[in-house]
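> Here's the letter readout for the chains.
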Amino acid sequence: MVHILGINLPDDQLARFALTSIYGVGPHLSHRLCARFQIHDKCRVRDLTPFQTTALSSFLQSPKTALPVAQYPLAPINFIPRPPSKSIQELQAELNAERAAQKQKRDEKLQKMGKLPVEDVKAKVGGRKAPEKKSRDPLTELRIESELRREIRENIAHQRLIGSYVGRRHAMHLPVRGQRTQTNAKTARKLNSLDRW
Amino acid sequence: MVLALSRASLCRSLPQGTACLPSVRTYANSPPGQQGQFKIQNVKGSRKSKVNKTFSRKNRIGAFRSMNPSQLTVPVLQPRPSLSMPSFKPELMTENMIGQVVAFNQTLNDPIKYFGTPKNMLLEFRLLSQRCSVIRNITILTTEELNSAASEPSHKTRYVLTGPSGCGKSFLLLQAVQYCLAKEWIVIYIPRAKTTVNSTTTHVYDLRTQTYLQPNYAQQTLRRILEVNSANLQTLTMRDGLSYERRSFSSGTTLAQLASAGSKDPAISSVVLETLLTELCRQSKIPVLLAVDDFQSIYNQKTSYRDPHFSAIRPYHLAIPRFILEFASGKRSFPKGAIIGALTAADPAFPVTNELMDELGVPGVHPRSPYSKRSKILQEYARGLRNLPVPTEFSPREAASVFETWMRDNALTAPANDELFLAKYTESAGNPKAFVWQGILGTLEGAAPVVNESTSWPQLREGRI
Numbered sequence: 001m002v003h004i005l006g007i008n009l010p011d012d013q014l015a016r017f018a019l020t021s022i023y024g025v026g027p028h029l030s031h032r033l034c035a036r037f038q039i040h041d042k043c044r045v046r047d048l049t050p051f052q053t054t055a056l057s058s059f060l061q062s063p064k065t066a067l068p069v070a071q072y073p074l075a076p077i078n079f080i081p082r083p084p085s086k087s088i089q090e091l092q093a094e095l096n097a098e099r100a101a102q103k104q105k106r107d108e109k110l111q112k113m114g115k116l117p118v119e120d121v122k123a124k125v126g127g128r129k130a131p132e133k134k135s136r137d138p139l140t141e142l143r144i145e146s147e148l149r150r151e152i153r154e155n156i157a158h159q160r161l162i163g164s165y166v167g168r169r170h171a172m173h174l175p176v177r178g179q180r181t182q183t184n185a186k187t188a189r190k191l192n193s194l195d196r197w
Numbered sequence: 001m002v003l004a005l006s007r008a009s010l011c012r013s014l015p016q017g018t019a020c021l022p023s024v025r026t027y028a029n030s031p032p033g034q035q036g037q038f039k040i041q042n043v044k045g046s047r048k049s050k051v052n053k054t055f056s057r058k059n060r061i062g063a064f065r066s067m068n069p070s071q072l073t074v075p076v077l078q079p080r081p082s083l084s085m086p087s088f089k090p091e092l093m094t095e096n097m098i099g100q101v102v103a104f105n106q107t108l109n110d111p112i113k114y115f116g117t118p119k120n121m122l123l124e125f126r127l128l129s130q131r132c133s134v135i136r137n138i139t140i141l142t143t144e145e146l147n148s149a150a151s152e153p154s155h156k157t158r159y160v161l162t163g164p165s166g167c168g169k170s171f172l173l174l175q176a177v178q179y180c181l182a183k184e185w186i187v188i189y190i191p192r193a194k195t196t197v198n199s200t201t202t203h204v205y206d207l208r209t210q211t212y213l214q215p216n217y218a219q220q221t222l223r224r225i226l227e228v229n230s231a232n233l234q235t236l237t238m239r240d241g242l243s244y245e246r247r248s249f250s251s252g253t254t255l256a257q258l259a260s261a262g263s264k265d266p267a268i269s270s271v272v273l274e275t276l277l278t279e280l281c282r283q284s285k286i287p288v289l290l291a292v293d294d295f296q297s298i299y300n301q302k303t304s305y306r307d308p309h310f311s312a313i314r315p316y317h318l319a320i321p322r323f324i325l326e327f328a329s330g331k332r333s334f335p336k337g338a339i340i341g342a343l344t345a346a347d348p349a350f351p352v353t354n355e356l357m358d359e360l361g362v363p364g365v366h367p368r369s370p371y372s373k374r375s376k377i378l379q380e381y382a383r384g385l386r387n388l389p390v391p392t393e394f395s396p397r398e399a400a401s402v403f404e405t406w407m408r409d410n411a412l413t414a415p416a417n418d419e420l421f422l423a424k425y426t427e428s429a430g431n432p433k434a435f436v437w438q439g440i441l442g443t444l445e446g447a448a449p450v451v452n453e454s455t456s457w458p459q460l461r462e463g464r465i
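Top to bottom, those sequences are chains A and B.
The first sequence begins at 1 in full-length UniProt numbering and counts up by one.
The second sequence begins at 1 in full-length UniProt numbering and counts up by one.
It is worth saying that the hints were derived from the structure and are not from the lab.
Computed from a predicted model, the values in this text were never measured in an experiment.
Warning: the hint list may mix true and false statements.
What the hints assert, rightly or not - The list that follows gives simulated cross-link-like pairs (lysine-lysine, DSS-like), each with its CA atoms no further than 25 Å apart:
no.: 1; chain 1: A; residue 1: 103; chain 2: A; residue 2: 115
no.: 2; chain 1: B; residue 1: 183; chain 2: B; residue 2: 302
no.: 3; chain 1: B; residue 1: 119; chain 2: B; residue 2: 336
no.: 4; chain 1: B; residue 1: 113; chain 2: B; residue 2: 183
no.: 5; chain 1: B; residue 1: 331; chain 2: A; residue 2: 42
no.: 6; chain 1: A; residue 1: 86; chain 2: B; residue 2: 336
no.: 7; chain 1: B; residue 1: 113; chain 2: B; residue 2: 264
no.: 8; chain 1: A; residue 1: 42; chain 2: B; residue 2: 336
no.: 9; chain 1: B; residue 1: 285; chain 2: B; residue 2: 183
no.: 10; chain 1: B; residue 1: 183; chain 2: A; residue 2: 42
no.: 11; chain 1: B; residue 1: 336; chain 2: B; residue 2: 285
no.: 12; chain 1: B; residue 1: 376; chain 2: B; residue 2: 156
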């Protein structure tokens with residue numbers, strides 16, 4: 001049995017399906033999470049390594065403070081790998097040195113052409129920082145469990161505060177989105193309220 | 001009143017001492033001497049509890065249990081005489097043996113047991129009482145090619161078996177594997193290459209090779225290679241030593257010892273597999289065959305795996321498909337040996353791609369033009385592959401042998417005669433899979449009703465069908 005955020009994930013379930021039991025994580029987010037931590041589609045919860053479990057738990061506890069995933073270099077067609085005796089630290093150091101050298105080369109080329117490197121350009125334009133591009137990765141803005149519930153509560157409270165139709169319907173325990181009330185509407189009467197969640 | 005009487009009568013008929021509760025079931029007493037026959041022993045649910053539990057499926061044994069074989073007296077269940085046919089041997093691969101069915105006997109290093117087979121073939125072998133296949137014209141051709149490949153580097157003999165669905169590509173590949181093994185080659189057979197790209201096995205990024213390793217699959221592959229080729233691998237030794245992850249193998253270690261170590265520990269299995277292949281590429285003593293079924297699955301642009309940024313991982317960035325691609329393209333080569341792949345024509349998840357169809361000269365289902373999408377990298381990996389087309393239909397002689405084999409194995413419900421054979425051969429247009437599965441096994445024609453004049457009941461006169 002694996003525990004993540006206090007939720008018990010059964011051993012014999014597929015990890016990709018088991019993660020959807022977390023409030024706020026659906027099939028697509030679960031697939032993204034599995035991809036991020038290199039969990040294949042048919043991996044069962046009992047096959048998860050302790051490293052993967054720890055990484056998942058620490059990511060889900062605070063998604064915003066998680067480190068961004070590095071870009072892994074991928075082997076070109078005629079790539080010859082280094083011998084196995086080389087350690088990971090040496091290879092990482094070599095990779096960092098190679099990346100630094102490439103960046104320096106790029107900056108030199110830009111300077112020759114009369115264009116400044118990218119950081120200087122940002123500082124020059126209007127003294128303001130350029131607006132940050134919205135990331136397409138939903139994991140960067142992941143909200144789950146208590147945070148998500150709080151957000152929903154705040155949204156409902158905001159609607160009530162501004163005196164909108166949506167807020168009034170929540171307060172009256174009635175359907176909000178224009179459904180019929182002459183019959184049915186039982187779920188709304190049961191669940192819709194201002195202090196939902 | 002009536003109910004009370006009936007309950008009383010029920011109680012009177014029961015042996016004394018039993019409670020007359022409506023929820024308690026009682027059965028007739030078994031005859032003396034057989035009382036302990038079906039007594040359940042040492043089972044959780046057999047203990048009598050004071051409280052009547054609700055019906056639970058948890059500890060149920062079930063009503064049906066297997067009987068002793070000596071108690072089976074019904075004619076249908078009598079053991080059949082096993083099919084007798086010659087065993088598959090390299091000496092039998094001659095022109096006059098075309099149309100003969102030969103058996104794949106179980107040996108100590110049986111490739112069918114250790115490497116496995118594609119699913120359809122597995123089902124067919126389960127139905128037959130002996131694993132066998134028919135020698136065709138294309139089998140003789142393939143064995144001749146393999147004979148000439150035994151003394152040439154593998155980049156000169158790279159074939160892909162093509163043909164429509166059900167024409168016998170996988171069977172031909174298995175025959176090639178059996179032939180090479182009997183000729184004492186080293187054989188690496190991957191019957192379902194689809195499993196390397198459909199995200200069913202562990203993958204982990206490795207900075208040294210800049211690819212995603214598949215340690216569990218590498219471990220399984222090493223174990224299988226070792227089981228099938230242990231005799232040959234014990235005669236070969238490593239030229240250079242290997243040290244990785246606190247494990248070291250000195251030069252002079254046999255490849256069997258290396259493979260054995262890799263098959264026990266998934267942490268080192270990928271490196272061990274890579275080293276094993278490198279060593280096999282250096283030795284020129286024993287020819288090596290790399291046979292891959294589902295060959296087209298590794299030529300699809302995107303696999304089912306996703307990288308941490310959620311983009312699809314390419315097959316040449318996964319360790320196992322990459323090594324197959326390198327050997328198939330001739331970038332890596334065994335000094336002696338061959339590479340044979342077999343396409344799976346009807347797999348919608350991993351169809352045959354444009355790059356393969358262009359290289360092999362196969363028409364394909366949909367028309368394609370110079371503007372159709374192609375990957376330059378996959379074109380590079382497909383360069384030099386040669387097409388070996390498998391005939392789409394059985395010859396009448398081959399079909400007759402197959403029909404007779406199934407007939408002797410009691411597969412036919414209909415009376416076996418020429419009319420049935422020709423009917424099924426025509427209906428399936430000679431296609432091997434359709435002939436066996438829809439023709440022989442799928443026929444619903446039963447035996448003709450036998451007229452029984454002596455019976456006194458008119459409805460039984462025509463006998464049972």
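> State for each hint whether it applies.
Verification of the supplied hints:
| no. | hint | in the structure |
| --- | --- | --- |
| 1 | A:103 with A:115 | 15 Å, holds |
| 2 | B:183 with B:302 | 38 Å, violated |
| 3 | B:119 with B:336 | 31 Å, violated |
| 4 | B:113 with B:183 | 19 Å, holds |
| 5 | B:331 with A:42 | 32 Å, violated |
| 6 | A:86 with B:336 | 31 Å, violated |
| 7 | B:113 with B:264 | 19 Å, holds |
| 8 | A:42 with B:336 | 38 Å, violated |
| 9 | B:285 with B:183 | 13 Å, holds |
| 10 | B:183 with A:42 | 39 Å, violated |
| 11 | B:336 with B:285 | 8 Å, holds |
| 12 | B:376 with B:156 | 22 Å, holds |
Comparing the model with each earlier hint shows violations of hints 2, 3, 5, 6, 8, 10; every other hint is respected.
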